[in-house]
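Peer 1: Numbering (full-length UniProt numbering), first residue to last: 1 to 71.
The hints are simulated quantities; they were obtained by calculation from the structure and are not laboratory data. It is possible that part of the hints are untrue.
[What the hints assert, rightly or not] FRET-style restraints, in silico, Cβ to Cβ:
#, residue 1, residue 2, range
1, LYS68, TYR21, 23 to 31 Å
2, GLY33, LYS68, 16 to 24 Å
3, LEU9, ILE54, 13 to 21 Å
4, ALA30, GLY67, 31 to 39 Å
5, ARG35, ASP2, 44 to 52 Å
6, VAL47, LEU9, 25 to 33 Å
7, LEU39, ASP2, 42 to 50 Å
8, TRP31, ASP69, 42 to 50 Å
9, LEU3, ALA30, 37 to 45 Å
10, ASP2, GLU44, 38 to 46 Å
11, ASP34, LEU11, 21 to 29 Å
12, LYS60, PRO19, 31 to 39 Å
13, TRP41, ASP2, 40 to 48 Å
14, MET1, SER40, 40 to 48 Å
[Unchecked claim] With a straight-line cut-off of 30 Å between C-alpha atoms, the simulated DSSO-like cross-links for lysine-lysine are:
#, residue 1, residue 2
15, LYS7, LYS60
16, LYS60, LYS4
17, LYS7, LYS68
18, LYS4, LYS68
Every residue gets a Cβ at the ideal spot worked out from N, C-alpha and C, and that includes glycine.
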Amino acid sequence: MDLKTRKRLSLIILVLGLPGYVVIAWMLLAWLGDRFGRLSWWAELLVIVVLGVIWILPFKRVFTGVGKDEG
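With these hints in hand, go ahead and build the complete structure from the sequences.
Peer 2: In structure tokens, the structure reads:
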């Protein structure tokens, strides 16, 4: 995949995927809060970090080298 395509795809992923991740993380934390009671701040942080890593791993190859010049 060439650099121009990766740049466009990474922008689409960030514009659509990142808000989707936020909504899913928020819904999961709300569900966990309903199920187990309010989680402590470190447990919520751990859930958010784990979900963030899981979300970005499939797109690692797309984001590699996006900040470089085309020249």
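Peer 1: Against the 30 Å threshold, does the CA-CA distance of LYS4 and LYS68 hold or violate the hint?
Peer 2: Roughly 11 Å separates the two Cα atoms, so the pair holds.
Peer 1: A range of 44 to 52 Å was offered for this pair. Does it hold for the Cβ distance of ARG35 and ASP2?
Peer 2: The hint (44 to 52 Å, Cβ to Cβ) holds, given that ARG35 and ASP2 are roughly 46 Å apart.
Peer 1: For the hint 31 to 39 Å, verify it against the beta carbon of ALA30 and that of GLY67.
Peer 2: holds (35 Å)
Peer 1: In this structure, is the beta-carbon distance linking ASP2 and GLU44 contained in 38 to 46 Å?
Peer 2: Because 40 Å falls inside the window, the suggested range holds.
Peer 1: Check the following: the C-beta atoms of TRP41 and ASP2 are separated by a distance inside 40 to 48 Å.
Peer 2: At 43 Å between Cβs, range holds.
Peer 1: Decide if the proposed pair is consistent with the structure: LYS7 and LYS60, CA atoms, cutoff 30 Å inclusive.
Peer 2: holds (13 Å)
Peer 1: With 13 to 21 Å as the target window, see if LEU9 and ILE54 comply at their CB atoms.
Peer 2: Roughly 19 Å apart at Cβ, these two residues keep to the hinted range, so it holds.
Peer 1: Are the Cα atoms of LYS7 and LYS68 separated by 30 Å or less?
Peer 2: holds (10 Å)
Peer 1: Could you say whether the range 21 to 29 Å given as a hint is met by the Cβ separation of ASP34 and LEU11?
Peer 2: violated (35 Å)
Peer 1: Within a Cα-Cα threshold of 30 Å, do LYS60 and LYS4 meet the stated pairing?
Peer 2: Cα-Cα ~16 Å, so holds.
Peer 1: Per the hint of 31 to 39 Å, is the separation of the Cβ atoms of LYS60 and PRO19 within bounds?
Peer 2: At roughly 20 Å between Cβ atoms, PRO19 and LYS60 fall outside 31 to 39 Å, so the hint is violated.
Peer 1: Between the beta carbons of LEU3 and ALA30, is the distance compatible with 37 to 45 Å?
Peer 2: Since LEU3 and ALA30 have Cβ atoms about 39 Å apart, the given range 37 to 45 Å holds.
Hint compliance for this structure: hints 2, 11, 12 are broken, all remaining hints hold.
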